[in-house]
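Just need the whole structure built from these sequences, with the hints factored in.
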Amino acid sequence: MTDFLLSHWNYFIVVLLMMIGLFIVISSMNLVKKLIGLSLFQTSVFLFYISLGKINDGTAPIIMKSGHDGHSSHDILYSNPLPHVLILTAIVVGVATTALGLALVLRIKASFNSIEEDDILQAKRELRKRSKSS
Amino acid sequence: MTADNAIILGLVVPLAVAVLTPVFGSRPDIRDILGPLGGIVSFYAAMTVALAVLNGETPEWFILSISEGLNFSFKVTPLGAVFGLVASGLWIMAAIYSVGYMRGNNEANQTRFNAFYAIAVHAALAIAWSGNLLMLFIFYEVLTFSTYPLVIHKQTKDAMRAGRLYMGILVGTSLMLLLPAVIWVWIATGSLDFVPGGILAGKIDPSYVPWMLALFAFGVGKSALMPIHRWLPAAMVAPTPVSALLHAVAVVKAGVFTMLMVVVYIFGYDFLSLTGGSVWLIWLASFTILASSVIAIQKDDIKARLAYSTISQLSYIVLGAALANELAAKGAALHIVMHASAKITLFFCAGAIYVSAHLNKVSQLNGLGYRMPLIFIAFFLASLSIIGIPPLGGSWSKFLLMAGAADNAMIMVIIVLAVSSLMNVWYLLEPVIRGFYLSEKTPVDVAKLPLVVIPPVLTAILCIVLFFAPWPFLPLINMMVMP
Amino acid sequence: MIEWMLHLPGIIVVIPLVMAIIVALLPSRLGWLGAVIGSGLSFWAAIILALHMLEANAMTRISYFLGGWPPPWGIEFAVDHATALVILTITALGFLSTMSGNALIFKDIHDDDKGRFFAAWLLTLGGLLGLVMTADAFNLFVFFEISSLASVTLVAMGSGRDKRALVAAFNYLVIGAIGATFYVIGVGFCYAMTGTLNMVDMASRLPDVANPIPVYIGLAFMVSGVMVKAAIFPVHIWLPPSYGFAPMAVTSLLAAIATKASLYVLIRILMTIFGGIADIPLLIMQWVLMPLALMAILLGTILAIYEKDAKFMLAHSSVAQIGYIVLGFGVATLAGVQSGFIHIANHAMIKGGMFIGLGGLAMAVAGKTDFSNLAGLGRRMPLTSSGFLICGLSLIGVPLTAGFISKFYLVSAIISAGYWQIAAIVLLSSALSVIYLWRLVETLWFSPVTDVETRLPEQPMIYIPLWLLAGANIWLGIDAGLITGLAKMASITLFGGIS
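Sequence order for the protein chains is A, B and C. Mapped onto this note's numbering, the consecutive letters of the first sequence carry residue numbers 1 to 134. Mapped onto this note's numbering, the consecutive letters of the second sequence carry residue numbers 1001 to 1483. Mapped onto this note's numbering, the consecutive letters of the third sequence carry residue numbers 2001 to 2499.
If you are wondering where the hints come from, they were derived from the structure by calculation, not from laboratory data. Cβ coordinates follow ideal geometry from the N, Cα and C atoms, glycine included. Keep in mind that a hint or two might mislead.
[As the list claims (entries may be wrong)] Calculated cross-link-like contacts (lysine to aspartate or glutamate; reagent style EDC-like; alpha-carbon spacing at most 16 angstroms):
id	chain 1	residue 1	chain 2	residue 2
1	A	LYS129	C	ASP2309
2	A	LYS129	C	GLU2442
3	B	LYS1154	C	GLU2442
4	A	LYS109	C	ASP2309
5	C	LYS2163	A	GLU126
6	B	LYS1361	B	GLU1440
7	A	LYS124	C	ASP2162
[Said to hold, decoys possible] Distance ranges between label pairs, derived from CB positions:
id	chain 1	residue 1	chain 2	residue 2	range
8	A	MET1	C	ASP2113	55 to 63 angstroms
9	A	THR59	C	PHE2065	27 to 35 angstroms
10	B	ILE1030	C	PRO2291	55 to 63 angstroms
11	C	PHE2065	A	ALA96	21 to 29 angstroms
12	C	PRO2382	A	ARG130	31 to 39 angstroms
13	C	LEU2482	A	ASN10	51 to 59 angstroms
14	C	ASP2479	B	TYR1044	27 to 35 angstroms
15	B	ILE1030	C	PRO2027	50 to 58 angstroms
[Claimed, not checked] Calculated from the model, a selection of chain C residues having no Cβ within reach of chain A, i.e. all distances over 10 angstroms:
id	residue
16	LEU2054
17	GLY2275
18	SER2386
19	PHE2446
Structure follows, in structure tokens:
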């Protein structure tokens, strides 16, 4: 059991981060904190993918010219490069998401004068009442 | 003209009237002549179609194939030819009458009224000539939606509420019960065609037959079987031409026509009587006949009284279908014709009394008979036809229905029919007796409007003619029951 | 097939994406023109593709390798009948709502912002097209995010009229991002077990996986992620506020196409990727999707009945209509999946038309969509309102409209699979939907208006697309062969993997 935990410790960190991130998104009333939670959540997925690509004793997947020092490139154990590439894309997407979210938070702050969800809900309720009475 | 082309003509003409009416909206004289003209052309087309059917042909208009075994097409059955003749023929009268009524009453939005009136007739003809059950369902719905603007024509609060009830019941029942029934038939048999003798025999477990029949009987809300009859009295807020053509002829007859088509061409009455799946419907129809007669007696409003009378008479036809034998089916089909001509006369009279004397209660009619003799005589004749007294058309259909009940050895049904006839006498002859035998309380002004007097007189004469010469209806109906 | 036509799958997706960049660089007043050209070209290419697929037999699959790299290394775009049907729907509705887009903007978007607005518009369209076209599980995530980020931007543009649009957009962003991340987690599991990202490759390797538990977990993550994007009950909560507060033009685009692509992805995942493994996808369809769809149908319909704002009413109705599509998929028979695809196409036409029409009507009353504001507009704007009415009748499934065909096929599929009770619920809710539509009809035509009844000006760029859609609703309601035929082939193709 302990062996299992130790040999898979990276996955447990992934799960931990994932849960923390998701919890913040759901429970936090502050919009910026929500975005931080979202980023954390996404980051945990990045770690998950990169962990997948790692092969024990594997080296960076850079192909050497064969015959350079007697080794053929087939003998060297490489880590899987594909997850890294995927995560590069996912990071870009994550940055874009965060940027858009922060931009929205700025606009929300400007028009609602708050970034706390309960204040905003209150303001929305008043708006609805006003549109009903008019 | 070939019969195939006559179908196209008969269906396109009402649509053309509907399209042209708004075009001539600003010129009322041209606009108002379109309806009667369209009626004459459609009737000519329906006659051509009926004659072709009598010659043993099946006129057909194939448009396209929806999927395998399911076509978007029109195909005339003998029963359809009968209904087509009734709908188009009475449209001529109703169109003339509606011009007189709407103008005499100074109603608003006459252009909209005329356009939707024509669309409703189109839908009724399409129902009559539809080539399969799906087509019938499609135009059944079109008829509902096209009559909605007519029902709420006055746009008062009452009218809007009645409109909601009308749509609620008719659309609700057809979507929730009729559509699954149609789909059930489709899944069970892989066909929706109308075949003499039915398509369901051997394809469905006999113990399911009552359930499927119930889906049809309550799904066809237009046949106003209790307890889904409430829309019909509600729809009486519409102007009288609507009540006359649509809620005595086109709409309600489309309902019972659907029931008859389903029993004759989908179930097959032999299959139905063999399984006994329709016994419950016999009793429900009998109950509706009696219950609505009792209500009709209590109604003082002429149109409401006529509405409940219609509910009762419609159940005669449902009863004929449910008895599921040859004589009863013939009686039911003939009753479509006979009741249509008589009930449209009654509504014409009620509308004529309203538009020329502004009276709408039975109790107000005292002594009015001498002021409007033609109207009251027409009312009298039509009442006799509905009661079923020779020499008026209604006696044939009632006779056949009773014979059909005797065929099934159902004495109770015969008694129901007899009692209902007695109640007819009570509630239909009361206005006539008040008109001729009681003296006027307060004199009213009676306007002279020939356009609302001529149509009821003509249709009343038709009731007599139909007794002596039920041609071409009787031969067509005989063809319907021939295997 | 001619040489250049082999590039069609790529062309369809790339055109809107490239035009988005061009439009962003061009002067603002050319923004709309660029968007029309971009979506129009894409639509034209999709027609050619669909015509080709109509002639092809059921298992035909056109595949296109991006950059010439064959899978499993490169990204593959693949087109079969299901793809062709959805692509055709999305491009057609994309084109028509772009046509009406400029007129519908009204005053929601400042003239100087129009260039960037239409750039985001085209990105949404391109993203959704890529989503449908791609055969690479990870690439799908990228397209998810392209379309979702762009459409969040579009929704937020509604803040000029109502600042609540910002909150709606923020929630849409967060919920959407969580959904997409769930999907990626699922892909990660499957990638770990199969070592490939290509859907077909993955499908062929999944049955041989020794330990299927991670695969099931991956499936669960993927399905729940896509459910968020497709707005399936109970994760539909982002949809009504987003559609309700977005600018009218945006709502007409999103309502017509946004969830359709995700629904397509859902059925792809269940039937193409996981089609090979035992009964798990079937269990999900019948025991997860079907009950949720029923809840969505009932809840959406009931909320729509009580809604006092026409735009929100239609948004709630969208939730219910998505339920119909998912229900068709959930039946998991040939006819059921077929009915789902039929309704994807038909509902796009219906809702696209209704929102364009509603926008046209609302413009006359300063963009307000409250029932009280819309009173009496039917008679004053006959062209717009009658087109709107036809689409509305199609929504409730009146015969002779496309909506009826959808309903007929759906109920047939449900009954022939033996689910009587479910058919009853579907029919009940469709009868209930008459109520909310009829409230609108009464408001538009039969309510007394206070001021003088004059004809109001109507925009040709609104009523032309609207009437094209209304015409399509009627035409495809009578001659339904085009949609039902393609949908049937699509269904057969998808079942090709399972049987």
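Right, here's what the structure says about each hint:
Restraint check: the Cα-Cα separation between LYS129 (chain A) and ASP2309 (chain C) comes to about 14 angstroms, which is no more than 16 angstroms; the hinted pair holds. Restraint check for LYS129 (chain A) and GLU2442 (chain C): not satisfied, since their Cα atoms lie roughly 25 angstroms apart, outside the 16 angstroms limit. Between the alpha carbons of LYS1154 (chain B) and GLU2442 (chain C) the distance comes to roughly 13 angstroms, so the proposed pair stays at or under 16 angstroms and holds. Among the hinted pairs, LYS109 (chain A) with ASP2309 (chain C) is inconsistent with the structure: their alpha-carbon atoms are about 27 angstroms apart, more than 16 angstroms.
A distance of roughly 12 angstroms separates the Cα atoms of LYS2163 (chain C) and GLU126 (chain A); the hinted pair therefore holds under the 16 angstroms criterion. Pair hint LYS1361 (chain B) plus GLU1440 (chain B) holds up; C-alpha atoms about 14 angstroms apart against a cutoff of 16 angstroms. Simply put, LYS124 (chain A) and ASP2162 (chain C) have alpha-carbon atoms about 10 angstroms apart, close enough for the 16 angstroms limit, and the pair holds. Separation of MET1 (chain A) from ASP2113 (chain C) is about 59 angstroms and conforms to the stated range, judged on CB atoms against 55 to 63 angstroms.
Range check, THR59 (chain A) to PHE2065 (chain C): Cβ separation about 30 angstroms, and the 27 to 35 angstroms hint holds. Against the hinted window of 55 to 63 angstroms, the Cβ-Cβ separation of ILE1030 (chain B) and PRO2291 (chain C) comes to about 59 angstroms, which satisfies the hint. For PHE2065 (chain C) paired with ALA96 (chain A), a C-beta distance near 27 angstroms keeps the hint of 21 to 29 angstroms intact. Separated by about 33 angstroms at the C-beta atoms, PRO2382 (chain C) and ARG130 (chain A) satisfy the suggested range of 31 to 39 angstroms.
Distance hint check for LEU2482 (chain C) and ASN10 (chain A): the Cβ-Cβ separation is about 53 angstroms, which falls inside the suggested range of 51 to 59 angstroms. One distance hint, 27 to 35 angstroms for the beta-carbon pair ASP2479 (chain C) and TYR1044 (chain B), holds here, with the actual separation near 30 angstroms. ILE1030 (chain B) and PRO2027 (chain C) have their C-beta atoms about 54 angstroms apart, which keeps the hinted 50 to 58 angstroms range intact. At roughly 35 angstroms from the closest C-beta of chain A, the C-beta of LEU2054 (chain C) stays outside 10 angstroms, upholding its exclusion from the interface.
With 10 angstroms as the threshold on Cβ separation, the claim that GLY2275 (chain C) sits away from chain A holds: the shortest Cβ distance comes to roughly 24 angstroms. Annotated as non-interface, SER2386 (chain C) keeps its C-beta farther than 10 angstroms from every C-beta of chain A; the closest such distance is 29 angstroms. Interface exclusion of PHE2446 (chain C) from chain A stands, the closest Cβ pair being 24 angstroms apart, more than 10 angstroms.
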